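Protein chains in written order, with the numbering used here: chain A, 1265 to 1543; chain B, -8 to 171.
These are calculated hints, taken from the structure and not from any lab test.
All figures in this text were calculated on a predicted structure; none of them were measured in a lab.
Ideal Cβ placement from N, Cα and C applies to all residues, glycine included.
All clues stand as given, with none of them false.
Once the Cα atoms are required to be at most 30 Å apart in a straight line, the calculated BS3-like pairs of lysine-lysine come out as:
#1 B:K133 / A:K1326
#2 A:K1439 / B:K106
#3 B:K166 / A:K1439
#4 B:K149 / A:K1326
#5 B:K140 / A:K1326
#6 A:K1298 / B:K(-4)
#7 B:K11 / B:K106
#8 A:K1461 / A:K1275
#9 A:K1439 / B:K34
#10 B:K110 / A:K1439
#11 B:K(-4) / B:K110
#12 A:K1419 / A:K1485
Computed, partial: chain A to chain B, Cβ under 10 Å:
#13 P1328
#14 N1444
#15 A1445
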Amino acid sequence: MRNIAVSEIGKYVETLLVEACCELPKRVEEALIKALNTERGEHAQDVLEQIIENAHLAWEMKRPICQDTGMAVVFLEVGQDVHFTGGDLTAAVNDGVRRAYTQNYLRRSVLDPLTRQNTHDNAPAVLHVSIEPGARVRIRVAPKGFGCENTSALKMLPPSAGIEGIKDFVVETVKNAGSNACPPLVIGVGIGGTMEKAAILAKRELLRPLTRPAESEQTEKLERELLERINALGIGPMGLGGDTTALAVLVATHPTHIAGLPVAVNIQCHAARHKEWTL
Amino acid sequence: MNEQKPPIRLNVPFDKEAPKKLRAGERVLLSGEIYTARDAAHKRITESLRQGGRPPFPLQDACIYYTGPCPAAPGEIIGPCGPTTSGRMDAYTPQLLARGLTGMIGKGKRSQAVKHEIKQRGAVYFAITGGVALLVAQHVLKCELVAFKDLGPEAVYKLTVNELPVIVAVDAAGKDVYER
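With the rest of the complex left out, here is chain B (with noise of 0.2 Å):
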């Protein structure tokens, strides 16, 4: 096995520098506040911005994770909830970096684009285990609904997470970590 170094700790929301910090294949535990939305939720906020409406949570230095979770059994906070593919979020991303969105989670590349903004505006992609579900919720201390109830799995909720294992994939120098 590869020497590794110790994972970062990091809050969320984000302060100001710590993004920029990140380098692309660090190991980071992210604890704090991240906001689930996936393709659904996508279109209606950016819709939304577009004709001059409000986001329903505060974009600035928010990070949002790409997700659809399961309902939650009984005695559960949340159901299994592994990432989603990001590239098909690469549509809308621009314009929610640039309404100050830092930080997003999911699994797999991102296009050019994003890339070019993540490091326009020194945000940050983390790589999160695809299907490992369950583990992930094991991370998730409180989830609340937020928006689009009606959307079910794809509804927006604020999930309390503690030492999320995230990967940096790619930095707000564009590193990216699936470019080898």
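If we strip away everything but chain A, and leave its shape as in the complex, we get (with noise of 0.2 Å):
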């Protein structure tokens, strides 16, 4: 058994979050890079180099990439031999997000749904929490902004829909999306599962870096099928037309019901903000 704080919990998730708004992760940087020295769009190249001067400046000022610091979005992996111990581990997440967004001047968006009242401290956060073998806890942070999630999408197919049916709906969601998820995206796709899992799985894939090796040859195969289709609509950097709408389409699948096909697309704009820490 291994003690650990909620408040210890809630201070990596205060940090977390304020570098993630703050730091391009690496090798998004160099995907953006990548596509600067291939595209051919009129306006792609002032676009890519725009953003990526707004990533040098980010890092250099300590301040956020985009105005839309997102809403928190926090995925927790505990060990199950950990024991958490000085209060409820929630509240010390959304106090780390609290003194996170209020602390470091970075925008509050979170607020009632039906009424829009701000809450004014960017709390709650959504929180995802596993229980896995052994003692650590892994915390991954994504502030989410929702120009992208916005243009997000899920659909519950037709089995006979099939492996076609899905590549459909993912271009079909990306041209959907359009300009507004501010190109080049990345592409986070859930199948299988129920509705709520195939959700949450395209969601933790954004948080995958893009250079882990998908999950098998298969989500490979269909990762770079998707890719080339989405590239070949000419969307490109902000919708201004080009050769670079997604940097990379990221796929997880989960067993489902003989009678479904469940398919979750979540768009994730060029500012492919995320950090993690594991205890």
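Starting from the two chains in their separate frames, assemble the complex, guided by the hints.
And the structure:
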């Protein structure tokens, strides 16, 4: 048994969120530079140069890449031999979110969905907790902006739609997202499980480092084919035309029911921000 | 890389005829005064106009920038302030165009109704790169609160900008850079 104070988790959530808002992952920057070197769109070069320059400014100034510092999505993978002490884990995570956003001049965008009254501290987080073997705690955070989140979609396909049906739905979703989602995009796709399982898989894929290989040969092929089809759409950086509509497509699967084929597509803008730490 | 025309320098508030000469796809450097407004501010302004109220800033020949900045950190004129998705303002925009609004800056496509009004009134819609919020902030020389302080990031600010780099997305002839 390993004791971990919940306040410790809150502190990491706070630090990781602030860093995530200001530091574009290196792998994303590399993918943007690669795109800049090959892009043929009329405005694509300008747009990609601006995005890369802005990311450098953010690193130097320790200020957010984008004014939409998002809603805090937190994944906690908790070892089953961990014992949390010192209070409520969820409250500690939310306290971390509060401190991150109120003490670092980050935008507070979270509000009641019906009254539209802002919580003024960007809490609560969307928290996903899973129990794993061992005694470690892996904390992953993603400040998720809503320009792209709004363009995400989920569909319960009939099994007869098959892999072609999945591909058509993903491509259609990206096409509908168009310029609004701030391409070049990273696209998380969750296939299978139930409705909510597919959605969580898609979100979790967005936290996958771009260099980590796909889960299987089959998903690797799917990722490659989807990326080709999406980049053939010609939407391009910021929707102004070009070869780079997506930097990556990341697919995860889970077994599903004989009667179903849930597919979730979670769209991530070029500010593909996430950070993690393992305790 | 493609050969590009040098950007056009333009002042806001606009000279009457200036927006009509712009063509979709042209690069423009905007200097002068623009007003921030996004979802909640649009809702309040248009509701007030319907009840015979006055807008919080003169709409005639004005330019609105769709943004909700981060709070300014010590030493900053304005916090990071990139554009938000313009399409969410489509429901309100025709009312503002009817009152003299001439320019809009944001990101993403506009509705047919908005494009129709832009054409009718000789207005212009500019696109600015999304998610480059710190770069945009470097072009802001001055930021003054104008209205709706309670809306926080959605309050209306008057920004004095210098050579803000934008692209003509919908021109006064109704041509749209997103339609290819």
